[in-house]
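Q: For reference, the chains in residue letters:
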Amino acid sequence: MKQLEELKGKGFDYLKKITAVDYVEYLEVLYIIFNMSTKKEELVRVKLPAESPSIDSVMHVYSAADWYERELSEMFGIKILGREARRLLLEEWNGVDPPLRKSFVWGKDYKKME
Amino acid sequence: MAVMRINVGPIHPSTHGVLRLVVDVDGDTIKNVEPHIGFLHRGVEKLCETRMYMQNPSYFEKLDYISPMSWDEIYVAAVEAAMGIEVKEAAQYARVILLEFQRIANHLLWIGTLCNDIGQLFTMFMWCFRERAQVLKLLEDVSGGRMFYVNMRLGGLNRPLPQDFADRAYALTDYIKEKITQYEEVLDSNEIFLERLRGVGRLSAADAVDFGVSGPVLRASGIEEDVRKSFPYYVYDKINFSIPTKADGDSYARYRVRYEEITESIRIIRQALENMPNTDVVGMPIKLIGPNAKPEPVVVRRELPKGEGLIYMVPDKQRPYRVSIRSPAFINLSVLPKLLEGAKFADIFAVFGSLDIIFGETDR
Chain A
1 MKQLEELKGK GFDYLKKITA VDYVEYLEVL YIIFNMSTKK EELVRVKLPA
51 ESPSIDSVMH VYSAADWYER ELSEMFGIKI LGREARRLLL EEWNGVDPPL
101 RKSFVWGKDY KKME
Chain B
1 MAVMRINVGP IHPSTHGVLR LVVDVDGDTI KNVEPHIGFL HRGVEKLCET
51 RMYMQNPSYF EKLDYISPMS WDEIYVAAVE AAMGIEVKEA AQYARVILLE
101 FQRIANHLLW IGTLCNDIGQ LFTMFMWCFR ERAQVLKLLE DVSGGRMFYV
151 NMRLGGLNRP LPQDFADRAY ALTDYIKEKI TQYEEVLDSN EIFLERLRGV
201 GRLSAADAVD FGVSGPVLRA SGIEEDVRKS FPYYVYDKIN FSIPTKADGD
251 SYARYRVRYE EITESIRIIR QALENMPNTD VVGMPIKLIG PNAKPEPVVV
301 RRELPKGEGL IYMVPDKQRP YRVSIRSPAF INLSVLPKLL EGAKFADIFA
351 VFGSLDIIFG ETDR
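Chains A and B, in that order, are what the protein sequence lines are.
Everything in the first sequence is counted per our numbering, starting at 1 for the first residue and increasing by one.
Everything in the second sequence is counted per our numbering, starting at 1 for the first residue and increasing by one.
Looking at chain A on its own, in the form it has when it is part of the complex:
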C-alpha cells in the first residue's frame, strides 16, 4: 500500500476502481488510479496467495475505496486488514465460497449447507 501512498503524493488523487481476478494459483488485486490534473492513468497490481488472502485497507488514502473493499471481501473472500468490511451486495447470503472465485460451483445448493 506504500506504492499507492507514494502515487497519491505524485498527484494520482482519484481512485477509479479496485477489482480482482482469480487466476486459480494466485489472486490479483488491481487498483486503477487516475491523476486529475495530468489526466494520466496508472494500474497497480498486487499478487495475493489463493489460500486465505488478505490485503491492507487503502481507505485512509482514498475514501472511494470503502465500497470497493467491501465488495472485494465478499466477492473474493479477501480479508481487508485495518477496517471492518461489512457485506455490501450479498447481505443475506449464507454460502461459504466467495461467488467470484473460480472455486464457486454453479448449481450447488448453498442454502442447505448452513
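Quick caveat, the hints were computed from the structure, so don't treat them as lab data.
Where chain A lies over chain B, by a calculated footprint (3+ residues, C-beta under 8 Å):
(1) 39 to 46
(2) 303 to 312
(3) 326 to 338
Chain A is nowhere near these chain B residues, computed Cβ spacing over 12 Å in every case:
(4) Gln120
(5) Arg132
(6) Asn158
(7) Pro244
(8) Thr263
(9) Pro277
Here are the simulated DSS-like pairs of lysine-lysine, each with C-alpha atoms no more than 25 Å apart in a straight line:
(10) A:Lys47 with B:Lys46
(11) A:Lys2 with A:Lys39
(12) A:Lys8 with B:Lys338
(13) A:Lys8 with B:Lys229
(14) B:Lys238 with A:Lys40
(15) B:Lys246 with A:Lys39
(16) A:Lys40 with B:Lys229
(17) B:Lys287 with B:Lys46
(18) A:Lys102 with B:Lys46
(19) B:Lys46 with A:Lys79
(20) B:Lys177 with B:Lys238
(21) B:Lys137 with B:Lys179
(22) A:Lys10 with B:Lys229
(23) A:Lys47 with B:Lys317
(24) B:Lys238 with A:Lys39
(25) A:Lys102 with A:Lys79
(26) A:Lys102 with B:Lys317
(27) B:Lys246 with A:Lys40
(28) A:Lys39 with B:Lys229
Using N, Cα and C, we set each Cβ at its ideal position, and we do this for glycine too.
Go by the hints and put chain B onto chain A.
A: Showing chain B alone in chain A's frame:
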C-alpha cells in the same frame, strides 16, 4: 432530543428501484444515513464468464435500463479491443450519434424524475417523456428494439441505418432544442424548484475527487473531467464540443450540468451527421470467436450518461475469463451519506434524485 432510527425503502416510489436507507434523525436533522443495496444483484460479472462473448451484450443492457445502448457499446468495445477489431469509419460516427441520443434520452428522463422527487408532480415528467419517446422511436427504427437494442456488433452495428436517418436525426435535434428551451423557462424561474435544489447536498471539489464520483456529479463540483476528452474514443477528438462544469456542487448545479450536456450532445450529433461518410456500417455477424483472442487484459473506458464506465476484461478463448465492471452509479451512490450530513429529512430524495442512480447497475 433522542436520535430516532427510520427505515426508508427498499420499495419506495422515489428510490427508482430498490434501495433501503437506514436514517438516524434528530428531530428533522439527519445524523447518519446507511444505504443498503444488493436487492437487484444478478451476478452479471459471474454470468459473463459462462457465456460466449457475443451472448453477453444483453446482460449489459440490463445494467442500466435507462440508457442500455451505452452499456451495450462499452462491452462490445471491450471485446473489440481484446480481439483487435477495427470499427468501420461510418460505424464510428453512427455509434457516436446513437450514444449521444442515448445520453439525451437518459438526461430527459432524469429531469422528469427529479421534478417528481421534489414534489412537482408529473407535469415535467410527462413533458420529458414526450420528448424521450421521440428519441426512443428513432433508436427503435435504427436497432429494432424499443427499450433494449442489442444494436452493436463487432466492428459496427447490427443492420444498416434507415434511409432517412440523417434527416430524421437533424429534425429530432431541432425538436429537442426547442423543447428544452421551454424546460429552462419553466424550471429556472420556478421558486419551488430553486428552493428545493439550491445549496442542498453540497459536495466540494476535494471531496468529489476523494470519493471517486464521476460524470455530471463530478463536473457539478467544478472538476473538468470527461472521458470523451481525456481518453478520446471513436471520432470524439475530431468533434468540437465543451464540457459543462459548475462550481457550486449542489443539486441545482447537477441539474444545470445535465441540462447543458443535452445541448452539447445536440452539437456533437449535428457535427457527426455532417461528417459521417455514406458507407457501410454493418459489423460482423454473431459467431463463435476462436483462438485468435489476445491473452492480455484490456481496459475500456467510456463516458456513460451517469458517469465514467470502465470494463476490465481478461479474455480467454471462447469466453471472457473475467469481466469487471466499474459502475458510475455504484460509486456515486456511496457518497450519499456524505451529502446528507446535517441535511433535513425531506431533502433525502432531492439529493438522491440529483445523483441519477440506477439499481441494475449498482447491484449488478
